[in-house]
Amino acid sequence: MNKEINQEMIEVSIPHRAEYVSLIRLTVASIANSMGFDIEDIEDIKVALSEACSNAIMHGGCDVGDNFLVQFMMEKASLTISVSDFGKGYDKNSIQEPKPGELNEGGLGIFIIKSLMDDVHIDTGSSQGTSIKMIKNLREES
Amino acid sequence: MNKEINQEMIEVSIPHRAEYVSLIRLTVASIANSMGFDIEDIEDIKVALSEACSNAIMHGGCDVGDNFLVQFMMEKASLTISVSDFGKGYDKNSIQEPKPGELNEGGLGIFIIKSLMDDVHIDTGSSQGTSIKMIKNLREES
Amino acid sequence: MVVVIEEESTEKLDEYDEGGSLLALTIQKSYNESEEKWILVLEGEVDLYTADKLKEAVNQMLNEKLDDIRILGDRLDYIDSTGLSVFISALKKLQKEEKNIILANIKPSIKKLLNITGLDKIIIIE
Amino acid sequence: MVVVIEEESTEKLDEYDEGGSLLALTIQKSYNESEEKWILVLEGEVDLYTADKLKEAVNQMLNEKLDDIRILGDRLDYIDSTGLSVFISALKKLQKEEKNIILANIKPSIKKLLNITGLDKIIIIE
Ligand SMILES: Nc1ncnc2c1ncn2[C@@H]1O[C@H](COP(=O)(O)OP(=O)(O)O)[C@@H](O)[C@H]1O
Ligand SMILES: Nc1ncnc2c1ncn2[C@@H]1O[C@H](COP(=O)(O)OP(=O)(O)O)[C@@H](O)[C@H]1O
Chain A
19 MNKEINQEMI EVSIPHRAEY VSLIRLTVAS IANSMGFDIE DIEDIKVALS
69 EACSNAIMHG GCDVGDNFLV QFMMEKASLT ISVSDFGKGY DKNSIQEPKP
119 GELNEGGLGI FIIKSLMDDV HIDTGSSQGT SIKMIKNLRE ES
Chain B
19 MNKEINQEMI EVSIPHRAEY VSLIRLTVAS IANSMGFDIE DIEDIKVALS
69 EACSNAIMHG GCDVGDNFLV QFMMEKASLT ISVSDFGKGY DKNSIQEPKP
119 GELNEGGLGI FIIKSLMDDV HIDTGSSQGT SIKMIKNLRE ES
Chain C
1438 MVVVIEEEST EKLDEYDEGG SLLALTIQKS YNESEEKWIL VLEGEVDLYT
1488 ADKLKEAVNQ MLNEKLDDIR ILGDRLDYID STGLSVFISA LKKLQKEEKN
1538 IILANIKPSI KKLLNITGLD KIIIIE
Chain D
1438 MVVVIEEEST EKLDEYDEGG SLLALTIQKS YNESEEKWIL VLEGEVDLYT
1488 ADKLKEAVNQ MLNEKLDDIR ILGDRLDYID STGLSVFISA LKKLQKEEKN
1538 IILANIKPSI KKLLNITGLD KIIIIE
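Residue numbers (the working numbering), protein chains in the order written: chain A, 19 to 160; chain B, 19 to 160; chain C, 1438 to 1563; chain D, 1438 to 1563.
Hints listed in this document are in silico derivations from the structure and should not be mistaken for laboratory results. Owing to the predicted nature of the structure, the values given are computational and were not obtained by experimental measurement.
With a cut-off of at most 27 angstroms between alpha-carbon atoms, the simulated DSS-like pairs for lysine-lysine come out as follows:
1) K132/B to K1549/C
2) K1558/D to K1490/D
3) K1549/C to K151/B
4) K1530/C to K1502/C
5) K1558/C to K117/B
Cβ-Cβ distance ranges computed for the label pairs, FRET-style:
6) K117/A to E1501/D: 26 to 36 angstroms
7) N1496/D to E1563/C: 54 to 64 angstroms
8) E1501/C to M27/B: 47 to 57 angstroms
Each residue gets a CB set at the ideal place from its N, CA and C atoms; glycine is no exception.
In isolation and in its complexed conformation, chain A is listed as follows:
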């Protein structure tokens, strides 16, 4: 009966509205906390997930009445988060990394996500939705 569960999933579907990003942060902080991530990692995860949600809301091109999907996959040693919108997608090759020393208001989001998470995959194209998957591994206990 009490077989061990190795993977659990929480899924949140939420409107494309800026005011709900803080709710997603609250959710992931609580999930990451209960998994045993430390404060630094939790802050990293909150920022990365917020960036992905902000992108879905700002760039997805969806109606505010439409929802996007955030999935949390909790495993023993890692948390995998996917953010999927069903919007217009984009051409990954057209996106440039921010140049150090240059002041540019835009283009920081994905760069920050990649810096803060251990692994990031983006699934997108110029007429399909975007799905970004990011993984944070629990550090070995020392």
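We have chain A; now place chains B, C and D with the ligands onto it with these hints.
Same frame as chain A, but now just chains B, C and D with the ligands:
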């Protein structure tokens, strides 16, 4: 473009595990707060939703690996919350209300939900899942 | 001869920092000789997840000494029927000895729950 | 002649109590004559929802007087790229007058974000 949205929906799918009920409370507190419910109403909603989630987890008869669904419907004047498990259901007629003055450890959950929320509907049967829908209205501003 | 029990124990199920926002339950129990009561300090949330821990603590107390339990609720943020059930089963044992549960300094929302369930007529609320 | 601007204003987008856990953004700005700097106290979270409010406040300040902005971050819990963008567009205006942004008492997680984005080499961190 900026047409007014009268109804928005947030949906959370979550494993049948006791440790996640506090996450659901956190979520609903934040939603109710942003809708303008006062502290007393928020506490009522937290308790009612927890009772429904506890029932899904304890009585639904589902695997801990399975998820149940919590839906939040935000309207201008009310919050409607549905908790649906895909478990074994029950026979509503066999359930008795708690008797005042009698000490009984069980049977308080649904009674509390009905006391704290403005409207409650339960959809269940002895071989279908259970779905409980509860509504809390925003008080008129005075 | 009256058996005097002195005990102080703290059990934490989980602890969350400020950022994490999730509170679990902290239980502190001790027997007060002069008052002849158990003093139970509850901090955090009693729900389906944490109620077992509370049940365990209360059972341990009553097995050691079946006496009044005074619960200090200043920092009890949340309780629902899973927690009330623990009180109710303790009350069944306590009432046989004409002992009771006293709830002190509880939040209005918790008081409301005791009203609704009629427990305010059985438990003493200070 | 130096124009002296004295201003104190508080704008709240939303306020949540302890139970609600959601923090929005509180902005307090004032011009400090002796230091010849704007003092900006940020409390709460700067994200996609609240960044516009910050942008408005900063624009207003710089339109009134293009001078250094000293941000007190003791109670700034969270900021992401939407907030950093506000700083960056302010920096573009400030740099023309050789003025800058000074960030004081910020949390380690925010310092980390400034490192990653290279903003720590442009903004002054105290
Ligand atoms: N979910 C998305 N849907 C459509 N386009 C996206 C999405 N996420 C990112 N993009 C594209 O990638 C670009 C870079 O994103 P990002 O690095 O987050 O910077 P910024 O959001 O500041 O532009 C965006 O400007 C946008 O064109
Ligand atoms: N989601 C559910 N699935 C199956 N049975 C349920 C569900 N919710 C309630 N029940 C049935 O209704 C009864 C009364 O529920 P409730 O009033 O919450 O009290 P308690 O949970 O303490 O028994 C339960 O004992 C159970 O038999």
